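Single-letter residue listing:
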Amino acid sequence: MTRRLLDSRNLSILVILALFLSMFAAGSVAFTNFFSLQNLLNLFIDNAYLLILAVGMTFVIISGGIDLSVGSMLGLATMISASLVEKSHLNPLLVILIVLLNGTVLGFLMGCLIQFFDLPPFIITLAGLYLGRGLCYIVSIDTIAISDTFFESAAHTQIKIIGDAFLSPSAVIALVVVALGAYVLHFTRFGRTVYAVGGNEQSALLMGLPVARTKIAIYALSGFCSALAGVVFTFYTLSGYALDGKGMELDAIATVVIGGTLLTGGVGSAFGTVLGVLVYGTIQVLIVFQGTLNSWWTRIVIGFLVFVFCVLQRVFEARKGATVVRRASPGPVATAGGG
Amino acid sequence: MPSLRPMTRGKLVWPLAALGCLLLFNFFFTPNFFHMEVKGGHLYGNLIDILKNAAPIMLLAIGLTLVIATHGIDISVGSVVAISAGVVAILLGGDLAGQPRYPMAVAIGAALLVSTAAGVWNGMLVARIGMQPIIATMILFVAGRGIAMVFTNAMVIWLYVKPFAILGQGYLLGLPFSLYVVAALLLLTALVTRRTAIGLFIEAVGINPTAARFSGINAGNVLLAVYTFSGFCAGVSGLIVCSTVMSADGNNAGNLFELDAILAVVLGGTSLNGGKFYLLGSMIGALIIQTLTTTIYAFNVAPEISQVVKALVVYAVSLLQSEKFRARVAAVFASGRVAA
Amino acid sequence: MPADAPVLEMRKISKVFPGVRALSGVDFRLFRGEVHAIMGQNGAGKSTLVKVLTGVHKHDAGEILLEGKAIRPDSPFAAQKLGISTVYQEINLCPNLSVAENVLIGRQPMRFGGIHWKELNRKAEEALGRLNVSIDVTQTLSSYSLAIQQMVAIARVLDVSSRILILDEPTSSLDEAEVERLFGLIGRLREQGLAILFITHFLDQTYRISDRITVLQNGLFCGEYRTAELPKLDLIAKMLGKELSEFRYATELAARRKEEAATRRKEEAATARKEAPNLLRARRLGLHGSIAPFDLDLGEGEVLGLAGLLGSGRTEMAKLIFGIDRADQGEVQVRGTQANITSPRAAMMAGMGFCSEDRKNEGVFGELTVRENIILALQVRKGMLKFIPLAKQREIADKLIASLRIKTPSTENEALQLSGGTLQKVMLARWLATNPALLILDEPTRGIDVGAKLEIMELILNLSRQGMGVLFISSEFEEVVRCSDRIAVLKDHSKIGELSGQDLDERKIMRTIAEGG
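First to last, the sequence lines map onto chains A, B and C.
Numbering-wise, this note's numbering puts 102 at position 102 of the first sequence, and it's gapless, one number per residue.
Numbering-wise, this note's numbering puts 440 at position 101 of the second sequence, and it's gapless, one number per residue.
Numbering-wise, this note's numbering puts 695 at position 16 of the third sequence, and it's gapless, one number per residue.
Simulated from the structure, these hints should not be mistaken for lab results.
Treat the hints with care, as some may be off.
To give a feel for the contact side, a few chain B residues facing chain C, derived at Cβ under 8 Å [stated by the list, open to error]:
#: 1; residue: T535
#: 2; residue: I537
#: 3; residue: I546
Some chain A residues near chain C, calculated using beta-carbon distances under 7 Å [as the list claims (entries may be wrong)]:
#: 4; residue: S203
#: 5; residue: G247
#: 6; residue: G266
#: 7; residue: V267
What you are looking at is a predicted structure, and each value in this text was computed from that prediction instead of being measured.
Using N, Cα and C, we set each Cβ at its ideal position, and we do this for glycine too.
Assemble the whole structure, with the sequences as input and the hints as a guide.
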């Protein structure tokens, strides 16, 4: 039993769980009104969009890739939603469908470029970030406020859970996405292929797995999640703004990494990602409660946590590599980022 | 006098041609594009604007060229620009009368010190801990902007210390002062990389790290050096940025600079896979990007389009550099010829 | 015992690559219930033959018959479908997945639309059980030793389907106990009637496990023999492409040449300096998993040859001495003082140089010019700040280009435009520029034309005459004999003997390999 607990995969989940619990506990002790079910549920409500982004990002990173475009694709989704609903007066459900399709197709195209031409994911998705942001501005430079009733009800509905504690529809959507993601990762052949590709792509190919198809599908999935996260974001803000989602890709990557997913690929879980998002949300809430600290401290703390987890991952890796013949003066081979 | 030849190998033909095409296009289609006039002893005109606006990216590209030459990448440069601008603004500050909080030299020195430290941080992660460059520099990419915002307390800091404005807005002998800064850093880098062996070592590490190690090169030190330098360049760039607008905006300073800088280096002929690097080429690359942006402005097209255009250029260049793509195109042409 | 008709027959297989004839009319037969080893030196065609069988390459002539039916697999998957499974040296599995998943991925049992994990684990246990391996299949693959991982790989391919199992260098990373275990498994599989193709460099292992041996040499089929009926010496001779009778004559010739060279050298050494402390003195130097602890001595002006078959550990020994790999035991003395050679840089500073056998990946900087390739090590030695001025660089490069007769239009050409032989000379030039006291040459004559080979061997003799110590590795025993004052013989990753004086001939080397160890 202890061996299973100390297995590196489960160990990182335990660490992040402990981190989250201790943070939440610290907050409860330090601040009155901190400890409440609603506060816990608020973490899901306020970070629903991030949760969805992070689930998509989890798939990408487990496969050994990276997607830097998710933030601007989220923004693009908000812009298109707002524009089509307010300016073109299309049916909101149709609009949502269009937006989801758009995100998936853009992700699919990026996946094709990466897979068929052996292009490094970070360059292609970084350019995608630019592309998405530019398209956002082209839709509209100004904020588009949404007054559509469907969106408004999505924004304001409260789904009671226990007593007065409630969740928003966005939070429920996010939890459904998480559950689906977890199921796919663990119980479907596609999900297991994602892990295989991330572990050793060459081996996966030789074992007869559909590597190319899977890799492209992963980026399409990430695009879908970005679009869905954008829709959920519009429920939250009831507007479309060209700068929506700026920097969110980093938040997504950070929460995925903190959640125990290795940036080198092959290891990760949806559950860990959820914990990562909860830690992220808790840090923000703690800062708000603290009152005096700049909210940008969240970025710094997250950056620091990412650093710690990356170093730990690297140490684990190095230790495993020690069983193979050691080389003198291990000059690190600098490989092109993300490629 | 160091031989300029290593900087100007035949490979510069392509970026120069691209720049030339752009300029030619403007010559025919943009009214008054090349119009220049002298006002108050300074040169004004579109061309001057291009040079001025490209300066911050050119500075980043100098450092990034060396990093990319080692087959690495540094995506934290934009955030470091913000940090540098924040530090100098805080320390300089200046009440409305223009009295600086600290002497200008101290403020500038501190900003450069912090930026260089950021570079050392990146370098340690890559060289000593052995992290992949994209992952290592991503940490500052994430945290850097947060650090900048904390320094500036999430407020835009305005500067009133007049002398500082010279950096970004001043003129010397008719040309923008920032150009001289770029020229100085470029010259210094060229001298160091070509007059000492480090340029050769950088290329060796990028081309064949194993062979470099077998030849006795200490790859770790080389990597540490280039990332540190990249941080320093970002620091200088931050000073120019801050001086140009006499303010530091932690959120927006250096925004999206990294892709521009990477694109400039790639357009200039240095391969993302490392190896031979072309400092002058990167400068031309930065000018191409800026000319593109200015052209778009001149046509009254929404400036946001430039982002879309840049993205498409990156895709085009990536495809051209991809062997698989070239092979496929060649195959298409070959089969076409056979069929015909 | 093997059945009557072979389960696999490859007849007159030929394969040509641009510029090289990899296989010419090779025959191969494999029976059920046998272990058949393919042996041959570098360039013999072993790997090409296997690649043709497994669908990586398509043969140009000849036919492949599987149970009497002609087949032409066009991809590894096609080969697998036909029942031809391969387990490579690099275990092609996913270290991050569990053992069970590695065995069954792509064919996981499903239930209600999702993977049935319990069933998956059970099936994996079954598959491994058939190999007499019982481990916790839910643990990640990477938590097990390489030997166990290999068993998992074998279990996977056998579980998919198999009439033929190909094992490519399976024992390279295993220790003695693990090899024993693997051989036990192979024995059981053989009894179950599986046809096993075994590729290895380890001579002794071939004799332990195989029933029959097919020898290839230079793309040609040399013969198929029952292992029990082929003496080791004969096998080695065939692998090297020599007939035993040739030796007698060649040996006498070589002996006479050696005598002349030895007397010449003795005269020169007598007039030269007196006994100097040994240039290099290694005691019990070794690295677990790479090369067994060895002793080595090398004096000034001496050429020490390292002779052995492919995979015997010569490169590993050289890399250990030069600091590329870090020894985990033993010590080295350079010129009498203890030296801690922990990196190539340290080795270089101690006066050593190293020309790698893998020129492309470990030696050449393709995009750098010839001049830059040549002066690089010297520049490193001088230090980053003392940049060698361009004019001086050209001077040094020109001098070496002339003395080594390097064929290049100018010093400013990019190195990747050069031919193999020229590249080798450029590598040599690089190290000669640093004026080393000890030069290690790993296969400097491989893949270059005869004229250039002779030049290099002349050069080695000249260098030794000038007082340089040379460690010379070559797969051509004749070359080693011609150039060396003494020869260290290696086999199966350990040094098994040293020859000098009258014993310096090819036949003695082969005998040592056959009998020693």
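Against the structure, the hints:
Evaluation of the T535 of chain B hint against chain C yields a held restraint, the C-beta minimum of about 5 Å falling below 8 Å. The interface hint given for I537 of chain B holds, since its Cβ lies 5 Å from the closest Cβ of chain C, which is under the 8 Å cut-off. This hint holds: I546 of chain B has a C-beta 5 Å from the nearest C-beta of chain C, less than the 8 Å allowed. Given the 7 Å rule on beta carbons, the hint for S203 of chain A holds: about 4 Å separates it from the nearest Cβ of chain C.
Hint on G247 of chain A is violated. Least Cβ distance to chain C is approximately 30 Å, over the 7 Å limit. Restraint check, G266 of chain A versus chain C: the minimum CB separation of about 4 Å is within 7 Å; hint holds. Checking V267 of chain A against chain C by beta carbon gives a least distance of about 6 Å; that is within 7 Å, so the hint holds.
Checked against the numbered hints listed earlier, the structure breaks hint 5 alone; every other hint is satisfied.
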